[in-house]
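Taking the hints into account, I'd like the entire structure generated from these sequences.
Going line by line, the protein sequences match chains A and B.
The opening residue of the first sequence carries number 1 in the working numbering; numbering runs sequentially from there.
The opening residue of the second sequence carries number 1001 in the working numbering; numbering runs sequentially from there.
No lab work stands behind these hints, which were simulated from the structure alone.
Heads up, the beta-carbon is just placed ideally off N, CA and C, and yes, glycines get one too.
Among the hints, a few may not be true.
Just the calculated beta-carbon pair ranges, DEER-fashion [claimed, not checked]:
#1 GLY1174/B <-> ALA281/A: 55 to 63 Å
#2 GLU1292/B <-> GLU297/A: 19 to 27 Å
#3 GLU297/A <-> ALA1281/B: 54 to 62 Å
#4 LYS117/A <-> GLY1114/B: 53 to 61 Å
2 protein chains.
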Amino acid sequence: MTVTSASAVVLCECFARDGLQHEPSFVSSEQKIALLNRFSALGFSRIEATSFTHPGNVPQFTDADEVLRGIQRTAETRYKATCVNLKSVQRALAAADAGYGPDEISVIMVASDGLLKKAFKRSPEEQYGVIGAMIDAAQSRFELIGTISSALGCPFDGKIDPTRVVEYARWLAGKGARYIAIGDTTGMGNPRSVAKLFQQLLDAMPDIHFIAHFHDTRGAGLANCLAAYQAGVRHFDCAFGGTGGNPAKISYAEGHAGNVCTEDLVTMFESMGIGTGLNLADLLDTARHCEEVLGRELDGRVTRSGLGLLLNRGIEHV
Amino acid sequence: MTVTSASAVVLCECFARDGLQHEPSFVSSEQKIALLNRFSALGFSRIEATSFTHPGNVPQFTDADEVLRGIQRTAETRYKATCVNLKSVQRALAAADAGYGPDEISVIMVASDGLLKKAFKRSPEEQYGVIGAMIDAAQSRFELIGTISSALGCPFDGKIDPTRVVEYARWLAGKGARYIAIGDTTGMGNPRSVAKLFQQLLDAMPDIHFIAHFHDTRGAGLANCLAAYQAGVRHFDCAFGGTGGNPAKISYAEGHAGNVCTEDLVTMFESMGIGTGLNLADLLDTARHCEEVLGRELDGRVTRSGLGLLLNRGIEHV
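This is the structure we're talking about:
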């Protein structure tokens, strides 16, 4: 395989939102802001910063406004905020009016009818209505990240028909999304189903930037990223230490369910000669800082083994 | 990709040897025998049973003879014993004479000149002499598993030239090996280097069964197995719970360095529709039993998340 600059990948660091979403202890706004500034200094061009969620539902993001207001913006980094309902979008707009709005907002559709019904008590028709109203309310003031969750399997419905995912993606594109994230919410994807789904999506919508948002529930997270890359995907979501996902107390989550681990994914891509644009010398310091913030060892393998091969051994592009 | 029976993979369960090699506490012979019988009942057609090593070097395998004598043999399973020197081969022959010999023996060559010199104090020429004498002594009474370690990177030499690995593989084939294991001893391989090396090996020796023996030092173990599979490899080594590898006290090992985790690898292959021939219903009980034996939680993700998708959801062959 020839590595060209077109092969380079864009990673979105999700530690501060998806990574922290279900952390039981509150990470202070100062810590969050310092982390986000650190991610941006590392060279991430996309960072998931926070979520406009009702504080009663997710206390971790009570400080969404404070965090967005506090971070140091650079021209090289776009910050994303998750929007869960119309009120979220209104908060994003208010933040933008006040000068500290997110660059991107994500709206989340659920590919699985069963999960949509159980978790959101909605039919697919109602989902189009709710998400459509959110997108319309945003008035194209943010880059829209359309997200399709449970796209590679659902603990209730089992297999998800790829054509259904394509249908949702087409609708999101029609509503103005240039970026569409495909979520393997409970880590049920495998390299073959990943390849098949993304091939179908890219064939149908070659101009859309599809984002692989995978959870490493069953250990195949990096293999699934490889399969997505081989299918043509160049955008990936990840979180330092493989943090995040749904805890076991949520009925449809299954055991370990963190995001694909940033430092391990970066190591895989960089050692393949696929540029991530990140400052490797500082990568593991940041990973260890994330461990300090959460007060425990996280799931990153490279955080233990080191980047020696990339930094010193000269074997990266083999 | 069409899945045919020719696509099915053969896994060799290495928990009892590579997995236990550096475990500080001695696992009793009864426990080892029970584990090996359990692996065989699961359907593994190849199992790494023990190592004929000097008890002073690796106390864990003091009971190599007792273990080989104690296990229940079935026609479906071949047991491998590691041989580290001429004395090992003589012990394997004595065991065979006494009726409890291994079906396979492995001899290990080191692809990296630097590691060969540091760890074994040998030149490549001396290595040919030593390994050749071992193979000759075995008189073709066992299936010979030629192993080439540090084939995908060396902490001293950095990159390993694939043509050097091909050279060693040709020599092993010339000495009668039909199976050649390619070891990524310190987990320095990446999907691109794996694909490149195995393509070269399979082009040069299409009749040899190459075995991918990968360590998950940097989290890319399953991605590397996927790359090897895509290159045409159908034999894989793995260990329950991702146990094994060299501990940090050995200078050339780097942090987490266990084998690729059996239960996670099986889940990936089976969910891709690639048959492993294993009894999935009992797979995780065995993985948990391995945790009981070692008295701690091991690295398998699926041991935590469950096989639900494979056993109940009907989404396996997507």
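How the hints compare with the structure:
| no. | hint | in the structure |
| --- | --- | --- |
| 1 | GLY1174/B <-> ALA281/A: 55 to 63 Å | violated, 45 Å |
| 2 | GLU1292/B <-> GLU297/A: 19 to 27 Å | holds, 23 Å |
| 3 | GLU297/A <-> ALA1281/B: 54 to 62 Å | violated, 33 Å |
| 4 | LYS117/A <-> GLY1114/B: 53 to 61 Å | holds, 60 Å |
The structure does not agree with the numbered hints 1 and 3 stated previously, though it agrees with the rest.
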